[in-house]
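Protein chains in written order, with the working numbering: chain C, 1 to 522; chain P, 523 to 827.
Keep in mind the hints are simulated off the structure, nothing from the lab.
Each residue gets a CB set at the ideal place from its N, CA and C atoms; glycine is no exception.
Mixed in with the good hints, there may be bad ones.
Part of the chain P face toward chain C, derived, beta carbon under 10 angstroms [to be verified]: (1) ALA659; (2) VAL773; (3) TRP776.
Subject to a maximum C-alpha distance of 20 angstroms in a straight line, what follows is the list of computed EDC-like cross-link-like pairs (lysine to aspartate or glutamate) [unchecked claim]: (4) C:LYS448 <-> P:GLU567; (5) C:LYS201 <-> P:GLU605; (6) C:LYS201 <-> P:GLU614; (7) C:LYS193 <-> C:GLU138; (8) C:LYS201 <-> P:GLU567; (9) C:LYS147 <-> P:ASP568; (10) P:LYS746 <-> P:GLU736; (11) C:LYS193 <-> P:ASP610; (12) C:LYS121 <-> C:ASP93; (13) C:LYS193 <-> P:GLU605; (14) C:LYS147 <-> P:GLU614; (15) C:LYS215 <-> P:ASP689; (16) C:LYS147 <-> P:ASP570; (17) C:LYS231 <-> C:GLU53.
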Amino acid sequence: MGHVFEGTGAHADDLAGARYERWWRRATATVGALVVLVLAVGNVSAQGNTEPERKVALTADPGSLDPYRDNSVVGVQLQGHLFDQLVDFRGPDFTQTPLVAERWENPDPTTWRFHLRKGIKFHDGKEVTADDVKFSFELAQASPTAKAKVANVVDVKVLDRHTVEVKTSGPAASLLANLAFVFILPKADYQAKGAEAFGQKPIGSGPYRLERWDKGQRIVLAAFDGYWGGKKMPNRIVIRPISEGSTRLAELLTGGVDVITDLPVENVQQVRDNRDLAVVQAKGIRQIFFPINTKADTPLKDKRVRQAINLAIDRETIVRDVLQGFADVRTGPFGVKQMGYNPEAAKFLAYNPQKAKALLKDAGYPNGIDVTWNLCRGCWLKDTEVLEVVANQLKAVGIRVKINLLEVNQLLGNQNTANFQIGMIRWSRQVDSDTIIAGIQAQSSTQKWYADEEVDKLIVKGRETLDRTAREKVYQDLYRAMVEDPGYVFLHAQDSIWGKRAASDWNFNAFAGNGSLTLFFR
Amino acid sequence: MLPYLGRRLFQVIPTLLGVTVVVFLLIRVSGDPTQLLLPETATPEDRDLFRRQHGLDRPIAVQYAHFVGNLFRGDLGRSLVDERSALDAVLERLPATIELTAAAMLVAVLVGIPAGILAAVRRGSLLDRLAMLGALAGQSMATFWIGILLILLFAVWLRWFPVSGRDGPMHLVLPAVTLSLYMMPLLARMTRSSMLEVWHQDFVRTARAKGLRERTIILRHALKAALIPVVTVLGLQFGGALAGAIVTESVFAWPGVGTFVLDAIYKRDYPVVQAAVLVVATVYILTNLLIDLLYVALDPRIREP
């Protein structure tokens with residue numbers, strides 16, 4: 001279940017939100033101040049880091065390492081070390097990187113013939129063959145969480161030991177991007193162990209093998225000597241699950257770990273001020289969309305009202321002041337670097353409170369409107385703070401927001417039954433514009449909160465257009481359609497913020513196409 | 523003694539069944555696992571299929587009957603997330619929680635009871651006031667906050683102890699102290715008031731009249747009588763400690779049941795939550811049974827009906 005669907009993931013923020021009551025948050029703030037105090041005293045020297053072994057603090061322990069069972073954020077981060085895909089997209093620009101598949105061709109628009117690298121070994125020494133690839137597709141198709149990634153795959157044929165042919169139901173422009181989520185598992189070992197045991201003691205053909213797993217305590221990965229791409233550094237990676245942000249930071253300060261995930265924004269400055277530490281950030285990794293229920297009998301039925309909401313938000317101020325720059329502004333479905341970004345249409349919903357007021361008046365609401373906005377605390381970076389500012393900005397044009405605090409499970413449940421006014425969807429940065437749209441529109445169109453014929457048509461067209469230039473144009477049209485008749489409040493895509501020991505040469509170049517990251521990259 | 527034990531053990535069964543009803547209903551009322559376990563791209567049909575596959579589409583009474591039937595065979599179901607045996611997954615984490623809770627209770631007893639005795643014996647003294655002030659402060663501070671504070675002071679600043687994790691006795695110190703601070707205040711106050719109560723009773727006066735040493739009077743005579751309510755409180759506090767362990771475990775990344783079950787609740791992994799609550803309830807009930815037996819040892823009157 002490779003893809004990092006954020007709703008399923010036990011993301012740190014989510015857990016924190018679910019776990020701690022308001023007073024805890026306050027306590028954390030107090031503690032944050034104390035951290036500053038302690039640092040001011042200046043007794044924070046730590047030994048330099050030796051890179052043969054890298055210790056990393058993530059937010060949780062996965063339940064299983066089987067990619068077709070556990071698709072939590074942490075699960076995928078780990079799976080990326082143990083397994084290979086046919087192809088991945090690596091680095092900040094998502095460069096297409098052939099892994100198990102050395103090359104491929106399209107004999108026709110719905111056929112993909114993959115030629116596997118010869119001599120690739122699983123950790124038990126057995127060769128990776130076409131049978132394993134076919135088996136992995138079958139696992140993905142049977143997995144409730146991964147099946148969406150291979151939804152248009154109708155047949156997988158083994159042509160010979162090193163050739164696999166994949167048939168799709170139609171031309172599938174986003175197939176390769178989706179295959180970044182399909183990890184190749186060893187058929188023989190999986191079947192011999194059984195699914196449950198495999199998930200506890202998996203082997204793959206990835207650059208690291210599982211050396212040890214003390215539940216809740218640590219996972220030790222060792223560099224695989226026989227890796228086809230050459231042995232990776234560091235030799236060992238020790239991963240510790242630490243759910244509490246302050247504790248992760250304390251471990252980083254004392255040199256207990258070299259790298260920590262989800263550095264709290266409050267602590268960024270103090271990490272920057274410490275010469276032993278460094279902040280690492282990945283721009284715009286989590287896209288936050290706010291779906292609007294356009295079908296219920298509220299003022300939100302009127303597209304002018306939905307435009308007005310978008311127009312009344314001063315996103316630059318929010319990103320600068322509340323998020324301290326750790327986000328990219330979004331005024332439409334795609335970011336600047338993503339396929340389909342439409343610079344003209346991007347201006348359409350940019351901050352313009354006068355226009356927002358005028359549109360409300362036009363729509364017949366000169367005295368403003370009341371809307372309910374569902375929020376789950378801890379679901380995204382500084383969610384409560386951001387939404388409070390948004391509510392204030394909307395108030396200025398006459399839109400009175402009632403923030404409805406829900407637990408994440410309840411929030412998503414209400415969305416699935418179309419019982420909401422403005423909700424929330426989190427979606428990891430994706431390689432392909434189709435996978436972005438598929439993610440955010442899937443719910444909307446099945447639940448009919450927002451169904452726009454043009455949008456639906458363009459989505460299918462984009463998926464089926466193989467020519468890159470033509471495809472770019474389709475997504476630009478889609479962008480325009482989605483801002484002119486907005487079904488979402490577009491706000492921002494937030495960064496992923498990490499902390500590390502300055503001596504560690506780990507960096508974020510490591511992003512992979514499944515929203516995972518690879519801890520071994522230099 | 524034996525019939526008493528047998529009777530008490532028999533009473534455990536209805537109590538546990540009661541626990542299963544409560545946890546079974548509560549977790550189901552609180553949300554649907556398909557929201558977080560399935561991706562947003564899942565269609566309503568996918569969600570129905572998931573529910574059917576895991577028997578969640580059946581009437582709740584049928585689900586419960588099925589659950590109890592399996593329970594008597596020692597089968598607590600499989601995790602909805604990774605399909606592992608829920609009981610195995612919980613039992614794997616249990617030793618760490620027991621270790622932490624037991625260590626915390628030990629610290630609480632070793633500090634709390636002597637503090638209470640001293641406060642009682644020197645009632646009104648500066649020591650008494652300090653001890654009671656400390657108890658009040660300890661009771662008012664949130665476990666979470668204390669935990670982080672201790673980490674900052676003893677791990678980040680002084681570097682005496684490791685920050686988090688479970689790698690030997692040094693790792694146990696900070697979490698055990700944190701959790702003990704949850705139990706210690708009540709224990710100290712209880713010991714103090716209980717001691718004060720017996721302090722003026724006839725048997726203490728008799729002991730004093732016999733010319734016994736003050737220490738003997740306190741430890742042999744007064745304390746033994748005073749301990750009965752304290753022991754009761756200790757048993758009840760153990761339940762609180764298990765709850766407090768959830769917070770302590772997440773602050774110190776302690777690999778116990780607490781952090782694990784929190785995650786399961788969040789994902790609405792019903793079988794795991796059920797198994798965890800049931801196991802923890804069993805531990806709690808057995809501990810209290812043990813404490814009741816201790817009670818019998820302390821107070822012979824209880825033995826004979």
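For each hint, the structure was consulted:
1. ALA659: violated, 15 angstroms
2. VAL773: holds, 5 angstroms
3. TRP776: Holds: closest Cβ of chain C sits about 8 angstroms from TRP776 (chain P), inside 10 angstroms.
4. C:LYS448 <-> P:GLU567: holds, 15 angstroms
5. C:LYS201 <-> P:GLU605: holds, 14 angstroms
6. C:LYS201 <-> P:GLU614: Holds, at about 16 angstroms.
7. C:LYS193 <-> C:GLU138: holds, 17 angstroms
8. C:LYS201 <-> P:GLU567: violated, 32 angstroms
9. C:LYS147 <-> P:ASP568: holds, 10 angstroms
10. P:LYS746 <-> P:GLU736: Given that 20 angstroms is the threshold and the Cα spacing comes to 14 angstroms, the pair holds.
11. C:LYS193 <-> P:ASP610: holds, 17 angstroms
12. C:LYS121 <-> C:ASP93: violated, 28 angstroms
13. C:LYS193 <-> P:GLU605: Satisfied, since the Cα-Cα distance of roughly 14 angstroms is no more than 20 angstroms.
14. C:LYS147 <-> P:GLU614: violated, 31 angstroms
15. C:LYS215 <-> P:ASP689: Holds. LYS215 (chain C) to ASP689 (chain P) sits at ~13 angstroms (cutoff 20 angstroms).
16. C:LYS147 <-> P:ASP570: Cα-Cα ~15 angstroms, so holds.
17. C:LYS231 <-> C:GLU53: holds, 14 angstroms
Checked against the numbered hints listed earlier, the structure breaks hints 1, 8, 12, 14; every other hint is satisfied.
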